[in-house]
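Full structure from sequences and hints, please.
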Amino acid sequence: MIEYPLIFLAGVAGSWHCVGMCGGFACALGSDPRGGTATLVRHLTYNLGRVTTYCFIGGLVGFLAAGLCASGADASPTSGAQRILAITSGLLMVFIGLQFLGWLRRFHGPPGLGFGGGFLAGALRDLLRAPGPAAPLAFGVFNGFLPCPLVYAFAAQAAGSGGALPGLLVMLAFGLGTFPAMLLMGGVGGWLRRAGRASGERAILNFRWRQRGVAFAGAFIVVLGLITFARGVLPMSGHLHVL
Amino acid sequence: MSATAATSAFCSHCLLPIRGRGHDRQVQGEEHRFCCYGCCLAFQVAHGEGEESEAAWLLIRLGVGAFLAMNIMLFSLLLYSGTFDQADAGVRQVVHLVLWVLATPALLILGWPLFEEAGRAAADRCLTAATLISLGAGTAYGYSALAVVTGGAEVYFDTATMLLLLFTLGRYLEASGRARAMRDLAPMLAAEKEGVTVVEGGAELRLLARDVTTGMLVLVRPGERIAVDGVVVDGSSHVDEAVITGESRPVAKTPGAAVLAGSINHEGALLIRSSGAGTATRWARIARSVRQALAQPSDAQRLADRIAGAFVPIVLLLAGLTALFWAQGGPFEAALLTGLAVLVVACPCGLGLAGALATSLGIGRLARRGCLVRGGRVLETLAGVRVIAFDKTGTLTSGTTHVTGIVTDGTPADEVLRVAAGLERSSEHPLGRAIVTAARERGLRPMLAREARAVPGRGILGDAEAEPVAVGSPAWLAELGWPVPVELAQRARDLEAAGSNLACVGWAGQVRGVLAFGEALLPESRATVQALRGLGLHTVLLTGDRAEAADRIAAEVGVDGCEPGLSPEGKRASLKRWRDRRGPVAMVGDGLNDGPVLAAADVGIAVGSATDLARETAAIVLPQGGLRLLPWAIGLSWAVRRTVLTNLLWAFGYNSIGLGLAVSGHLQPVLAAVLMAGSSLLVVLNSLRLERFEPSDDPKLADAPASERRALQQHARPQASAPRPAA
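Here the protein sequences line up with chains A and B, keeping their order. Numbering-wise, the first sequence is residues 1 to 243 according to my numbering. Numbering-wise, the second sequence is residues 1001 to 1727 according to my numbering.
Calculated from the structure, these hints are not laboratory results. All values reported here derive from a predicted model rather than from experimental measurement. Treat the hints with care, since some could be wrong.
[Said to hold, decoys possible] The following residues of chain B were derived to be distant from chain A, with all beta-carbon distances above 12 angstroms:
no., residue
1, Gly1063
2, Gly1082
3, Thr1437
[To be verified] A partial selection of chain B residues facing chain A, derived with a Cβ cut-off under 8 angstroms:
no., residue
4, Ala1056
5, Val1064
6, Asn1071
7, Leu1671
Where a beta carbon is used, it is the ideal one built from N, C-alpha and C, also for glycine.
Below you can see the structure in the form of structure tokens.
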């Protein structure tokens, strides 16, 4: 159970990474001319779409990974397949976490990603300009699929979590963790635009403490990766997997 | 073909020809027609601008659909993994109800375009992939809704929505991939509709290329394509003329230089005075040829289309039978799911794409280098060719006479040439001009000669440095009583036996040297023939020329066989013999004098004449000097054939294996949808590999091994290889 708050905190810390990448989107999504409440709704729908995608990814990989293991005879958390999965996920998380800390060279995704990425970028560009309450939702849904090492890290953990529900919860905790910063970015972006200070917007995105936040998130991911890893290596640590 | 007909015959997005009924839709006030819903979607995403764009609306649809489908999937995953197993039946009922509430809008949002498409197809009495998917999703939804009402144990809303979502997504990605593949062709298909900046009285106005007339001033900015033929009036730049000449190296253009429509302007702005109508350029003709070529499907493509057409009803029948079979002695749900999986997995989406995409890509690749192909079928035939027959003059040789050798009695060869050039300075005779050219190329200054007197059919007699000098036929110099040294006479006879024409050069009453004349090989001939032989093709030279001359050329280019002294009928008979002996024959000629012979070959290839393909007897036209592209073109035709084959194998193999799994009840419908979308995408990606098929930029040197390269460099300057006199 201690994992979920940890993941939430990792999400909060990691959202400094989000501020750099998706924060720009949140700013660009801007404010609703009908006032503050409408703006809030706009940004809530956007984040709802985004987090739904995360949850979907988490639930799916959790379910698939569990199904993969269950095809063996024993599906209990301490079974061989489960442990191998936990070890793999843990290592993957540590690997990504170390990249965040800047201790490993950045790994760029497989080349096939470029094609899908181009599609996503084009789709996002169009949706950003579209009016109506549904556009932010669709925007958030596509946004969630953007290649992002943070999402990969927690998807790895979701895969090692042993089922659809825990996988979903992992990603939900992470997604909720990124909520405050992203909402804030929407507000800050709107405020800065009203104040006509586009340079200020950029200054926030470039602040030095953003890097520290990212490093912080890396540390969280490494810790979570080690816990997941330990669950696979130490037979007695099954109790760490509470749910 | 008029421009309006072209827009309706080709999909506006992927530019593949539309077969059957297309989708008509207005995008930004312009009528467009698409081959499928995916292209319609992708086009609007790529081209839609402004807040009201329908592209954004379609994406919203996809996004909201995905949002609903993902929620449905999440709940269903929890159901499958037994999260609600401990809860009482009431909770499950509530979950089912929630799923229904989520699935209904998802079905409408995602499925509506597909239902429409299926409905249109049904009105035309045909069944398409959209029919299969609509039916599958509709059945899953209908059954699940019934289960909710009657309190059934299982619902399949996830299957219904994910099916639609994956199908839509797959089509969209496929369409994006196709459009990317057709990038090469887009400027050609739109050649006459390209925007042109015309400068008139100091003002700039935008016209379409087809409205440009002779004498207009056209401004071409850096990076733009030159849309009209003309002469540079102002500015300087480099241009890429690959699409006309096959040569991708940039060519410098300064005021006074001629530019060709279709070239791409590199770094500087050019002001061009148009020298003809925008519709009369070779570029516009290439564009028309490519449009016509694309509209002609290859045989493989036709076959695939027929099979795909017959496939859908069979699949429907099979799905029904499978469901019936499993319904006996089994739960109805399982039977329904199995039937659905069959329906989805057998959807012949990749099949229709397998041939069309690769063939169009091949035609586009060739057209980019100025090589025109009459259609997909020609490309197919070219890939099967076993023998390449060449015409000689104008194809392997330049068609003009050159000095190919000089033998002397010990006098330096340059001296002999200098004297001869002095006499022939103002001669109009072909041999005379060849002598002057040879002297100039060696950097010699012709000796000043006076009182040059030409004797028709014999030679020229004159005075230089107070001595009589003469150039003429050996017989004439013998008549003059000028003796030929014995050794020189022997070497001259050798040259004559090798098929050369001779001229003697003498002064002070004695013949000092003998010049040999012959047709010069084109610089790329030898490397091209060697490259073709390297591909395992049999090469022959068919010519009307006499045996000695033909044999000399044959030996120099290294063809496998040589048949001299043939009349056009003889050439046609020879082609037939080769076809009977070895298989399909391609004939390469200049397309001017050998039309009937080109038409008699399985594939007629014209080099350089390159006028209107519609009026050509040749099925393939290579650009001027484009003989060197022939091995590449053949290699490309092989690659296209290989790609079509692997695509078909994959599409069929995949469908068969998937079908086997589905019929035996081993495949989930959702998984089947994933595989189906992946299959189409794989066909696209496999075809896209053809994009990398480029000719090396200087194959006449790059493709030849080092020893041949030296020989080639010498052939490029025929005179340099002339035997030097023993000093």
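Now for the hints, and whether the structure bears them out:
no.	hint	in the structure
1	Gly1063	violated (2 angstroms)
2	Gly1082	violated (9 angstroms)
3	Thr1437	holds (54 angstroms)
4	Ala1056	holds (4 angstroms)
5	Val1064	holds (5 angstroms)
6	Asn1071	holds (7 angstroms)
7	Leu1671	violated (11 angstroms)
Hints 1, 2, 7 from the earlier list are contradicted by this structure; the remaining hints agree with it.
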